[in-house]
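S.K.: The listed protein sequences correspond, in order, to chains D, C, E, B and H. Every letter in the first sequence is one number past the one before it in the working numbering, and letter 43, counting from 1, is 43. Every letter in the second sequence is one number past the one before it in the working numbering, and letter 108, counting from 1, is 108. Every letter in the third sequence is one number past the one before it in the working numbering, and letter 210, counting from 1, is 210. Every letter in the fourth sequence is one number past the one before it in the working numbering, and letter 22, counting from 1, is 22. Every letter in the fifth sequence is one number past the one before it in the working numbering, and letter 93, counting from 1, is 93.
Just so you know, these hints were derived from the structure itself, not from any lab. Computed from a prediction, not measured in an experiment: that's the story for all the values here. Among these hints, one or two may not hold up.
Label-pair restraints from in silico Cβ distances [as the list claims (entries may be wrong)]:
no.: 1; chain 1: D; residue 1: Glu326; chain 2: C; residue 2: Lys107; range: 57 to 65 Å
no.: 2; chain 1: C; residue 1: Asn23; chain 2: E; residue 2: Leu166; range: 27 to 35 Å
no.: 3; chain 1: C; residue 1: Glu338; chain 2: D; residue 2: Val285; range: 30 to 38 Å
Where chain H lies over chain B, by a calculated footprint (3+ residues, C-beta under 8 Å) [stated by the list, open to error]:
no.: 4; stretch: 37-43
no.: 5; stretch: 214-227
no.: 6; stretch: 328-339
No residue lacks a Cβ here, since even glycine has one placed at the ideal position from N, Cα and C.
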Amino acid sequence: MEDNIIIDLKNISVSFDGQTILNNLSLYIRDKEFITFLGPSGCGKTTTLRIIAGFLEPDSGEIIFEGKKMNGVPPHKRQVNTIFQRYALFPHLNVYENIAFGLRLKKARPDEIKQTVDEMLELVNLKGFEKRNVNSLSGGQQQRVAIARALAVKPRVLLLDEPLGALDLKLRKDMQVELKKIQQAMGITFIYVTHDQEEALSMSDTIVVMDNGVIQQIGTPTGIYNEPKNAFVADFIGESNILDGIMRSDFNVEFAGIRFKCVDKGFARNELVDVVIRPEDVDVVPLEQAMLKGEVTSVTFKGVHYEIIVDIKGFKWMIQSTDFQEVGDTIGIFIKPEEIQIMKKSQYSGKFGDYSSFSEEFDELSQLGESEEGAE
Amino acid sequence: MEDNIIIDLKNISVSFDGQTILNNLSLYIRDKEFITFLGPSGCGKTTTLRIIAGFLEPDSGEIIFEGKKMNGVPPHKRQVNTIFQRYALFPHLNVYENIAFGLRLKKARPDEIKQTVDEMLELVNLKGFEKRNVNSLSGGQQQRVAIARALAVKPRVLLLDEPLGALDLKLRKDMQVELKKIQQAMGITFIYVTHDQEEALSMSDTIVVMDNGVIQQIGTPTGIYNEPKNAFVADFIGESNILDGIMRSDFNVEFAGIRFKCVDKGFARNELVDVVIRPEDVDVVPLEQAMLKGEVTSVTFKGVHYEIIVDIKGFKWMIQSTDFQEVGDTIGIFIKPEEIQIMKKSQYSGKFGDYSSFSEEFDELSQLGESEEGAE
Amino acid sequence: MNTSSRASGLINAPYTAWAMIFIIAPLGMVAYFAFTDRAGNFTIANILSLNNYLEAFLRSILFALIATIICLLIAYPLAYILSKSKANLQRNVILLIMIPMWMNFLIRTYSWITILSNNGIINSILSYFGVGPLRMINTSGAVILGMVYNFLPYMILPIYSIMSRLDNNLVEAASDLGASSSQVLRKVIFPLSLPGVISGITMVFVPSVSTFYISQKLGGGKMLLIGDLIEIQFQSAYNYNLGASLSLVLMVLIIICMAVMNKFAYDEGELII
Amino acid sequence: CKGADSGSMIEGLDTSKLIGEYTKELAGAKLNVFNWGEYISDGSEGSLDVNAAFEKLTGIDVNYSNYDTNEALYTKLSGGGASYDIIVPSDYMIERLINEGMVQKPDLSKIPNYKYIPEEFKNLYFDKNNEYSIPYTNGMVGLIYNKTMVEEAPKSWSSLWDSKYSGKILMFNNSRDSFGIALYLLGIDVNTASQAQWEACAEKLKEQKQYLQRYVMDEVFDLMESGEAALAPYYAGDCISMIENNPDLALVYPNEGTNIFVDSFCIPKSTQNVEAALLYINFMLEPEIALANAEFICYACPHTAVLADERYSLRDNEALYPKKKVKAEYFHNLDRDTLDLLARLWEDVKLY
Amino acid sequence: MKIHSKIYMALIMLFLYAPIIVMVVFSFNSSNSTGVMVGFSIKWYGELFNSSSILNALKNTIVLALCSSVISVIIGTLAAVGIFMLKRKWLKSSILTVTNIPMMNPDIVTGVSMMLLFVFVGQMLGMREVLGFGTLLIAHITFNLPYVILSVLPKLRQTDPHLSEAAQDLGCTPFKAFFKVVLPTITTGIVTGFIMAFTLSLDDFIISYFTSGPEYQTLPILIFSMTKRRVTPDIYALSSLIFVVILVLLLIMNITQSRAENKSKKLRTKEGY
Ligand SMILES: Nc1ncnc2c1ncn2[C@@H]1O[C@H](COP(=O)(O)OP(=O)(O)OP(=O)(O)O)[C@@H](O)[C@H]1O
Ligand SMILES: Nc1ncnc2c1ncn2[C@@H]1O[C@H](COP(=O)(O)OP(=O)(O)OP(=O)(O)O)[C@@H](O)[C@H]1O
Ligand SMILES: [Mg+2]
Ligand SMILES: [Mg+2]
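Isolated chain D (complex conformation) (with noise of 0.2 Å):
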């Protein structure tokens, strides 16, 4: 597999003013893949995707293409492209220019590039927008014509920053299919950004979640969802009850007070861990069947499911079902072997999975979009 290895980041690092951005991160792409960086605002996404580009030269650190070094080679030598996060669309050229743009600068042929060009509209579907002016064009055309833009000058690799950031919620699910599509039909190497998890699980081949310009865990969006490496991975793709355990014996950990089978082992006898486990994986059952047993203190419907918070001692769980409870009711719950993820205890150990109180949470995320709004 080595040998299909496209780009080779080897221990990354960048600071600004002082601050580190991206601490010692090591990476490679293999050629033909959809990988995606996943994380929050401000953890480093956006500056990774800038120092493939070439807008941006690490502190330290190598970025390898095919096996040759690029650390100052300019961006209009890469065979990189990039589509930004609001597509960056030239106003003043139209849909063709602006799609033509880069085939001109290589001095093409004009039947050559007026071939491309065609092309390209035909593959975002958008044969005869050649003349409109790109801003009376709807955000999802904007979006193709970027796209179609980058794809015209055959990149190797292109980098997509949060391309359906900008787009509603169903126009952003149908473009997802559609990138997806073109990106297989082309066979180019995706590098794409988003911190929306449910989009990354969908549509990548490999995700690596980042936090804090580290990376937390790269693998398969299974593997990721699945087997999170620690409770802010675990926390950041998808809902989580994560619970302070301890390792009693191989397959065997306590918590709630309650020991449980599992399928994890290799930790040290009498290790406190992070146990985690998904809404979806507790199953509602009769009281005498229960493993634990809590009140029901909140009931939201959410139409697949319902969302319920029950109150295992003091410990609030959240559980999805797709049958109602009443709030004030005492219910029994089940979770199999196998359904229970064992972490080592790490920095984010105890900030995330408890439900019992949203307020905490959300002042954190009031003050992280303050200090979004003051980067600006």
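Use these hints to put chains C, E, B and H with the ligands onto chain D, whose structure you have.
M.R.: Only chains C, E, B and H with the ligands this time, still in chain D's reference frame:
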């Protein structure tokens, strides 16, 4: 229940430039209710709110507030307050003064004002932000100031026009909980506008689904989700497989070439109907137990479940299942009678609910995006 | 990083040099002349002698202030009415307001003499009704009128431009919270239009306080303003040092006024034109 | 006079009547002429455009600009920003410029037309040896009044202080002439060095201010001609123009005495173009040109050929060439301190 | 609109246009007075075209305005880009403050200060004649620059910072990216800046008054020296002609603009926006 109706809209019609925006809309709203207007962009949600608030006089129809006709009463004399789509905070006033604005107009005593504002700040969790410039607040905080400002004048009814539209997903979820809490704590009628179906489902007591200025369905979240009145509602509220069916007799419907038991009755014999089956209600079963069989054409991992598209006799079904299926495999499905929802044919029949190709819907959607932009 | 900062340095160099030589250095020259005598020796006599001209300063400020207030009183309602009227009308009226600004102001001011003279147009009309003649030309009133006339558009335009951009949602929000239309005007529209008002005040006050042409033509040379004094020093009395110190004080005065004014504007926006 | 039909009698320039030689030798040179307003025949209303004629003849490019007081001339000249090749200051200013070394001695041999200058205009006090200046015009300050508004011909400058004419009185907008009038009125030597006396004049002028319509220089034309004002002191030549335009006006020389002045061509030290300047001056003294200018400006003309010329319409004008002796004095240059005092007092008056 | 608003607007328009009406009327006076209308004649329009000084001044004014606005647009655009690229906040804000000086400072102080500098430098270099076209040009560029910069800067702020990167991404060098992508998107700002600079320069009197020499007189300076003597109706004739030209230009612009708007509106409704 009649006695606690607070607002009654009777046969409201509005048109702009000869185009009908609201068409004979009638609706009553109960005191202390959380009612949500849900519908696609441009369907007339904001227009309805503006009529209730008094910013717009309907061409015909009556607005009745606690039995008194309100047509012609200017906004500042109505006991109704609005939280605007983009908050509309006063940029020249700080947080405290924004909240105190309405009270000062009422010539409340200074100590009274101070007390109320403090209460409100407490309520929206913004103590200590009194002196802050509103432009320096994050989106979520501005949102809460807008709520506090509206609540400070103790309205009987609060109108909220997509208050969470500008927030990102995580903050949005938390604010939903927060808003619901506030509504319950204050005992105020909330009239809420959104085009996000999940938001509507998880917050509302009553949902009003609108399209093209016409109310499509009014009901509780579960009522609307589980028993949509027509294909538009079914599709708008969550994913759905919508098939053409024939009602062979009461409790007996034929679709996909097979007769199914169902729980609906009251249709004419052999009446053509729309059949709705939610993706999560389709069970994948071993082939020998299957009611229908088909080939898997695509599988997407979504975290909580896989989204599986199955081709059954040319119709592409969407199925949500926690179990992975291989593309190309033939699988069998089973549908319980109570999961089959029968709807009368309507103008929307045949427009939604087939997953055979995104591209048509996609183009329709991008047209929509366009018109949305034009309207701005 | 490095290359971009070098590039920006390179691009900035010509303008920075220009600004240094032709903006900063001239002000330095003013200061230099203000603090030297004819022979080039350091002295503060020029500055000290300025108290002879206190009256001229006060008069200039008073006139400019009155003119500014009148402009504000005329312009604000106009801008308000305009911002609420039809788009087409707005555009046409703004155009009409701007056209005179394109005409030479010396000529336009001079024309006022014909209108205001004892035998002028207004007095002819008045005499037709058996009134007058009123003494208008060569009075303080005429000077202030000249200021108002010349600088009124500079008051109207910024106020109008800010009002026309005012978010209508804010107006609705205020009335939603119980404000009647007059309260909306006082509590929301006025405070929000303040940056425009401030910009307008600046753009009227500064040229008014320093004008010399208007006072010469419409005031008959009987009321010297600071502008006149400066002009005299440089154009007929040949006392550059005194002229420079007058200029210096005028400049400082205006900087102080502007600093105070800007305190009242809640956002430090760019100049609104 | 300008604006009157008499001006149109010289329509073109008959070069054969010129005495000096005008070649294109200096073609392309620039000549900055700095003169009083309306102090040359400029081609308006059919008169001869003297500068254009000169340019055409010699190919020299004349930049003609104006000043309105001797003091403004001095400021521009000493400011250093601009250089002028020909200026036309009045007597006392010539004295000052000579004292301060700002003008040079022209080579009179290059100005053959100098011969037309009458003897009485040679060797005047400010240029005792005729080294620096060549007379252009001369005149006196008179009191012009509107007969319909002023019943009896005023005999004294004091009528400018008469409350009867409040609001209808104009006054010089330059310090020397204004103070001059006050000095005559108060019977003080117009060239006094006494601070107290100057201050007394300032008081007098302040007293006058309440009756004044405005301070004027050349704005006087419109105001007097249209009847906007009743009384004004002004230079006799200009008064004659006004009278021509409005026959209700009349001129008197007050009994207290008045100022007599000569405006002469001078060449500043800083000039870059002496040859062209000399040529220009000589051209201006050509009988034909001098006549055109005299007709246009209406000032008295110190030029023997013009005075002898029958075409000269103003030859017998009483105001310009009074038969009866008028009590008149030249202004002299004042010393620096007095000049500063005068400037300050004048500002005081204007600020009052 | 209510009737009293209409009257109010009409009164203000009357106020703004009264002197212009006077000017136009008296340009047809048969006498040379600008105070008394004697009879109708168009002779002053003829005089105008015979008056070499007026025509020359007109030519000078236009040449100066063109040169100064073109140069200030070039320097100003470059400066705006440079300022925009500056990272260090204090440097940025101090450059902007300096830029604001010629706008905030009274014209008379700007004019005087530049004149002092020119004269001083002229004397140092032993030049007899500094004031002239060169100094006028410098002065005009200097007071035009802030207007150019402040109309280009906001456009730069509005442009997507990624545009230039996108162009580089597609194969442009940074330099090429600026000309191919950034410059076209800020053209409206540049054009606004140019128009402002041009009109300001056309109409400037005070600064020109102090920085011009005898050999290069602009129209405002000529008019000023005329108003010191007697304003003859030929200058009114010129102003009336200018007025008519402006009026016609603006009318054409207005009509084409509203045509374009109607067209795009129609287009939109057709396409079903
Ligand atoms: N040019 C810069 N100067 C200083 N700090 C910067 C710069 N660019 C980015 N940063 C900082 O680096 C951090 C990471 O930024 P980056 O844009 O990579 O985040 P991101 O993961 O793309 O976030 P988002 O989801 O909000 O786009 C942020 O804290 C940001 O403030
Ligand atoms: N003042 C107006 N003049 C003309 N048309 C209007 C006006 N206000 C609204 N409309 C039109 O009325 C229709 C309904 O508008 P409304 O704002 O009520 O939609 P909405 O449901 O709130 O949509 P959104 O979700 O986009 O806010 C739209 O087609 C809009 O273009
Ligand atoms: Mg980013
Ligand atoms: Mg809306």
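S.K.: Are the hints correct? Go through all of them and say.
M.R.: Hint check:
1. D/Glu326 / C/Lys107: 57 to 65 Å: 47 Å Cβ-Cβ, so the 57 to 65 Å window is violated.
2. C/Asn23 / E/Leu166: 27 to 35 Å: At 33 Å between Cβs, range holds.
3. C/Glu338 / D/Val285: 30 to 38 Å: At roughly 21 Å between Cβ atoms, D/Val285 and C/Glu338 fall outside 30 to 38 Å, so the hint is violated.
4. 37-43: It holds, with 4 qualifying residues against the three required.
5. 214-227: Coverage by chain H holds here, the residue count being 7 at a Cβ distance below 8 Å.
6. 328-339: Not satisfied, violated; 0 residues make the cut.
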